[in-house]
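S.K.: If you want the building blocks of each chain, they are given just below.
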Amino acid sequence: MSDVSQPAAHPPVTDWVHDFDHTDPQWTDDPFPIWDELRATSPVVHTNRFLGCYLPTTYEAVREIANDTEHFSSRRIIVRDVRPEINRNAAPPITSDPPEHKPAKQLLLPPFTPDAMKKLEPRVRAICNELIDEFIAEKSVDAAARYTKHIPVRAIAHMLGIPEGDSDLFVGWIHMILELGIKDETKLLQAVQEMSAYFSAQIEARKTKPTDDLISYLMNARDKQGNPLEDSHVLGSLRLLLIAGIDTTWSAIGSSLWHLAKTPADRDRLIAEPELIPTAVEELLRAYSPVTMAREVVKETTISGCPVKAGNMVLLSFPAANRDPKMFPDADKVVIDRRENRHAAFGLGIHRCIGSNLARMEMQVALEEWLKRIPDFRLDLAGTVTWSQGTVRGPRQLPFLLGKAM
Amino acid sequence: MTERLKVHVDPDKCQGHARCKALAPELFELDEYGNAHEAGDGIVPPGLEDKAWLAKSNCPEIAIDVIEE
Ligand code: SF4
Chain A
6 MSDVSQPAAH
16 PPVTDWVHDF
26 DHTDPQWTDD
36 PFPIWDELRA
46 TSPVVHTNRF
56 LGCYLPTTYE
66 AVREIANDTE
76 HFSSRRIIVR
86 DVRPEINRNA
96 APPITSDPPE
106 HKPAKQLLLP
116 PFTPDAMKKL
126 EPRVRAICNE
136 LIDEFIAEKS
146 VDAAARYTKH
156 IPVRAIAHML
166 GIPEGDSDLF
176 VGWIHMILEL
186 GIKDETKLLQ
196 AVQEMSAYFS
206 AQIEARKTKP
216 TDDLISYLMN
226 ARDKQGNPLE
236 DSHVLGSLRL
246 LLIAGIDTTW
256 SAIGSSLWHL
266 AKTPADRDRL
276 IAEPELIPTA
286 VEELLRAYSP
296 VTMAREVVKE
306 TTISGCPVKA
316 GNMVLLSFPA
326 ANRDPKMFPD
336 ADKVVIDRRE
346 NRHAAFGLGI
356 HRCIGSNLAR
366 MEMQVALEEW
376 LKRIPDFRLD
386 LAGTVTWSQG
396 TVRGPRQLPF
406 LLGKAM
Chain B
81 MTERLKVHVD
91 PDKCQGHARC
101 KALAPELFEL
111 DEYGNAHEAG
121 DGIVPPGLED
131 KAWLAKSNCP
141 EIAIDVIEE
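Just so you know, the protein sequences line up as chains A and B, in that order.
Letter by letter, the first sequence follows residues 6 to 411 of my numbering.
Letter by letter, the second sequence follows residues 81 to 149 of my numbering.
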């Protein structure tokens with residue numbers, strides 16, 4: 006490609022302990038041994054890349070940071086090559102700190118309670134089946150491209166009241182923001198602008214013709230004093246819901262199917278005992294947590310005895326925390342009936358993922374419907390499984406063979 | 081005779097992960113924001129002790145206490 010805005014190349018990592026890089030292809034392909042190596046060295050490691058960045062490697066260190074809003078700010082939540090100006094309403098409440106955080110979050114919580122998700126469940130079940138109908142007669146399928154990718158984007162579009170048919174557009178923006186945008190400012194800004202223009206038009210349309218979807222809900226929301234939200238706040242929250250609602254759950258469903266494709270014993274057990282699926286979903290979330298959020302150190306402190314300096318970013322790796330053997334016996338194994346599972350896949354502390362109930366419901370339904378209709382499937386060894394880079398980890402290409410092995 | 085158990089959610093720690101409600105729906109309730117509190121006076125009816133311990137050991141915020149009386 007002769008794109009002028011080619012992302013900056015990063016030299017390959019040769020010293021993971023002092024020079025880690027979460028965009029290195031080795032990390033993208035298989036981060037687990039890297040985290041183990043780093044954890045064995047220190048609860049917090051540092052790299053000079055990304056203008057200075059720490060990585061806590063233990064559950065305890067991650068918990069300490071997640072609960073410390075005095076020394077760590079959420080004003081920047083993606084570790085990138087640059088630190089542009091801070092936008093107060095970038096994507097509230099995920100980018101908000103106390104005291105603004107709580108009211109912004111409370112506003113969004115009611116539409117995402119477990120009961121609200123129960124009402125959405127039939128639509129998600131229908132989406133899964135519509136997708137399966139399209140490829141069930143085939144012998145092989147890319148399950149990422151034709152199944153996992155479409156479920157969350159259609160579900161969140163349904164909630165927001167925007168056309169499910171626009172999902173390719175949404176997926177494109179999110180790829181530009183969460184992956185290409187780490188190293189390429191132009192791509193990031195382009196996607197944010199297009200997304201904002203799209204939502205502005207949706208808001209305008211609702212001013213004359215109100216709807217009963219999430220966009221109207223935010224437009225009608227009032228704060229404690231009875232004032233409507235600033236326009237930039239409504240837009241920021243809409244951007245958040247779209248960005249956070251798509252890649253994350255796409256990744257979690259994909260990793261789960263990837264695991265089941267290569268672990269027939271687990272797959273057969275879930276088919277025989279479907280009531281175990283919710284427990285298995287928690288374990289798959291632990292073992293293959295998709296999301297790493299970031300924080301910015303705003304005041305010098307120590308974490309698990311390690312000094313951290315202001316001005317650096319922190320890669321708050323919930324996935325690495327969830328692999329800490331001090332917290333989880335057999336942390337490197339997937340134990341689908343694990344009973345004690347305090348995993349941190351949805352974060353810890355005040356920034357607990359608003360969409361966790363949505364994600365759990367989507368994962369359960371996606372696995373249930375797939376296993377019901379496609380009990381036999383395996384990885385197609387002639388193809389390649391590829392993984393996304395950076396902030397959200399999940400399979401982007403998932404070649405499967407369908408039907409019993411001959 | 082086993083001792084009587086009581087569950088209690090610390091509202092300052094709870095962040096609404098809803099694991100307790102999923103694992104022990106009889107023992108916990110969620111408010112309109114999805115944050116949990118113990119159902120009624122928190123006393124665990126006989127036969128549900130296991131669910132109380134399960135909820136405690138799955139709360140990511142360590143917000144649940146199981147008190148043996
Ligand atoms: S599991 Fe813990 S944090 Fe989640 S709702 Fe229950 S008490 Fe609150």
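What the hints contain is simulated information worked out from the structure, not anything from laboratory work.
Incorrect hints may appear among the rest.
To be verified - With a straight-line Cα cutoff of 20 Å, these simulated PhoX-like cross-link-like pairs (lysine-lysine) come out: (1) Lys93/B / Lys136/B; (2) Lys229/A / Lys107/A; (3) Lys409/A / Lys144/A; (4) Lys93/B / Lys107/A; (5) Lys304/A / Lys314/A; (6) Lys131/B / Lys331/A.
What the hints assert, rightly or not - Which chain B residues stay away from chain A? Per the calculated CB distances, all over 12 Å, these: (7) Pro105; (8) Gly120; (9) Pro125.
Here a beta-carbon is modelled for each residue, glycine too, at the ideal position from N, C-alpha and C.
S.K.: Next, verify each hint and record whether it holds.
M.R.: Hints, verified against the model:
no., hint, verdict
1, Lys93/B / Lys136/B, "13 Å, holds"
2, Lys229/A / Lys107/A, "12 Å, holds"
3, Lys409/A / Lys144/A, "10 Å, holds"
4, Lys93/B / Lys107/A, "14 Å, holds"
5, Lys304/A / Lys314/A, "7 Å, holds"
6, Lys131/B / Lys331/A, "24 Å, violated"
7, Pro105, "10 Å, violated"
8, Gly120, "19 Å, holds"
9, Pro125, "21 Å, holds"
The structure fails hints 6 and 7 (numbered hints given earlier, in ascending order).
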